[in-house]
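Student: Listed below are the residues making up each chain.
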Amino acid sequence: MEGTGGGFRKDLVSKLLQLHFTDSKTKVSGDALRLMAELLTIFVVEAAIRSVRQAQAEDLALVDMDQLEKVLPQLTGKEPLMPETDTPLQPRRLS
Amino acid sequence: MEEEEEGSGEEQQRFSYRQRLKAAVHYTVGCLCEEVASDRGMPFSKQTIAAVSELTFRQCETFAKDLEMFARYPVRTVCWPLYLLLRIQRCLLTPVRKVSTYFWRRHAKRSTINTEDVKLLARRSNSLLKYITEKTEELAQFNTEQKAKKKKKLEDDNTKSVVPAEAAAAKKDGS
Numbered sequence: 001m002e003g004t005g006g007g008f009r010k011d012l013v014s015k016l017l018q019l020h021f022t023d024s025k026t027k028v029s030g031d032a033l034r035l036m037a038e039l040l041t042i043f044v045v046e047a048a049i050r051s052v053r054q055a056q057a058e059d060l061a062l063v064d065m066d067q068l069e070k071v072l073p074q075l076t077g078k079e080p081l082m083p084e085t086d087t088p089l090q091p092r093r094l095s
Numbered sequence: 001m002e003e004e005e006e007g008s009g010e011e012q013q014r015f016s017y018r019q020r021l022k023a024a025v026h027y028t029v030g031c032l033c034e035e036v037a038s039d040r041g042m043p044f045s046k047q048t049i050a051a052v053s054e055l056t057f058r059q060c061e062t063f064a065k066d067l068e069m070f071a072r073y074p075v076r077t078v079c080w081p082l083y084l085l086l087r088i089q090r091c092l093l094t095p096v097r098k099v100s101t102y103f104w105r106r107h108a109k110r111s112t113i114n115t116e117d118v119k120l121l122a123r124r125s126n127s128l129l130k131y132i133t134e135k136t137e138e139l140a141q142f143n144t145e146q147k148a149k150k151k152k153k154l155e156d157d158n159t160k161s162v163v164p165a166e167a168a169a170a171k172k173d174g175s
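Sequence lines, in order, name chains A and B.
Residue numbering for the first sequence is 1 to 95, as defined by the numbering used here.
Residue numbering for the second sequence is 1 to 175, as defined by the numbering used here.
Check each hint, because a few of them may be wrong.
Now the stretches of chain B that chain A is said to cover, found in silico as 3 or more residues with beta-carbon under 8 Å [stated by the list, open to error]:
hint: 1; stretch: 26-33
hint: 2; stretch: 43-56
hint: 3; stretch: 63-69
hint: 4; stretch: 148-160
DSSO-like mimics (lysine-lysine), calculated; alpha carbons at most 30 Å apart, straight line [as the list claims (entries may be wrong)]:
hint: 5; chain 1: B; residue 1: K65; chain 2: A; residue 2: K70
hint: 6; chain 1: A; residue 1: K15; chain 2: A; residue 2: K27
hint: 7; chain 1: B; residue 1: K65; chain 2: A; residue 2: K15
hint: 8; chain 1: B; residue 1: K130; chain 2: B; residue 2: K65
hint: 9; chain 1: A; residue 1: K27; chain 2: B; residue 2: K109
hint: 10; chain 1: B; residue 1: K109; chain 2: B; residue 2: K147
hint: 11; chain 1: B; residue 1: K130; chain 2: B; residue 2: K152
hint: 12; chain 1: A; residue 1: K27; chain 2: B; residue 2: K130
hint: 13; chain 1: B; residue 1: K160; chain 2: A; residue 2: K25
hint: 14; chain 1: B; residue 1: K65; chain 2: A; residue 2: K10
hint: 15; chain 1: A; residue 1: K10; chain 2: B; residue 2: K119
Hints are computed from structural coordinates only; laboratory data are not their basis.
As the structure is a prediction and not an experimental result, all values here were calculated from the model.
In this text, a Cβ means the ideal position worked out from N, Cα and C, and glycines have one as well.
Let the hints inform the model, and build the full structure from the sequences given.
Tutor: Shown next as C-alpha cells:
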C-alpha cells in the first residue's frame with residue numbers, strides 16, 4: 001500500500017535527535033533514521049486518529065483540546081501505546 | 001561587556017534554531033493531521049494541532065536520550081552475571097584480558113545508534129514492535145538487494161575491462 005503524502009523527513013528527524021544527544025559523538029545510522037521517521041509519523045497519526053475517535057464518541061463536529069487530553073495518557077506511555085483490542089496499524093510503504 | 005553580548009548572541013542563535021525546528025515539526029504535524037481530518041471527515045482545531053506538535057517535539061527529547069542510552073549500554077540482562085564477573089576479574093588480574101576481549105567487544109560502547117536501538121523504543125506495545133520489526137526486515141531486504149545490484153554491476157564492469165587486457169596481451173605475444 002502506498003504511503004500517504006505526509007511524513008517526517010529524515011533530515012528533520014536527524015536534527016531533532018541531534019539536538020538532545022548528550023554526547024557530541026553520538027550518530028544515527030541511515031536505517032535507524034528511516035525507522036525513527038516512520039515511528040514519529042505513526043506517533044502523530046495515532047494521536048490524530050485517537051482524538052478523532054474520541055470526538056466521534058462524544059458526537060462532536062470538531063476535534064478540540066479536551067479530546068486530545070483524554071487520549072494523551074495512552075500515547076505518552078502511561079498506558080500501552082496500542083492496546084491489543086485496537087485495530088492493527090495500517091501498513092505504510094517506507095518512502 | 002563584550003563577553004556578555006557574545007553569550008547572549010549564542011543563546012539567541014540556539015533559541016532561534018530550536019524555534020525553526022519546532023516550526024518544521026509543526027508543519028509536518030499539520031500535514032498529517034489534515035490527512036487524517038479529511039480521511040475521517042472530522043476537522044481539528046488549530047490549538048489541537050499546535051498541542052500535538054508541541055507534544056511530538058517534547059517526545060523527541062525522550063526518544064533521543066533513550067536511543068543514546070541503548071547504544072551506549074547494550075548489555076543484555078542474561079549476561080549480567082558474566083559481565084560482573086569479568087569486571088571483577090579485570091580489576092584483579094590483567095592476564096585475563098585476552099579471554100575477556102571477546103566479551104568486552106560485545107558490550108563495548110557504541111556511538112552510532114542502529115535499528116536494534118529503535119526497536120527497543122517500540123518495546124512497550126506489541127503491535128508497534130511488530131510493525132517496526134517488519135519495517136526493519138523490509139529495510140534489510142532492500143539493502144541486500146541494493147548490495148547485490150552493486151556487486152553485479154562491479155562484476156560486469158570487471159568482465160568488460162578484462163577483455164581488452166587479454167586482447168592486448170595476445171597482441172604482445174603475437175608481435
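Student: Please write out, lowest number first, the hints stated earlier that are contradicted by the structure.
Tutor: 4, 11, 13
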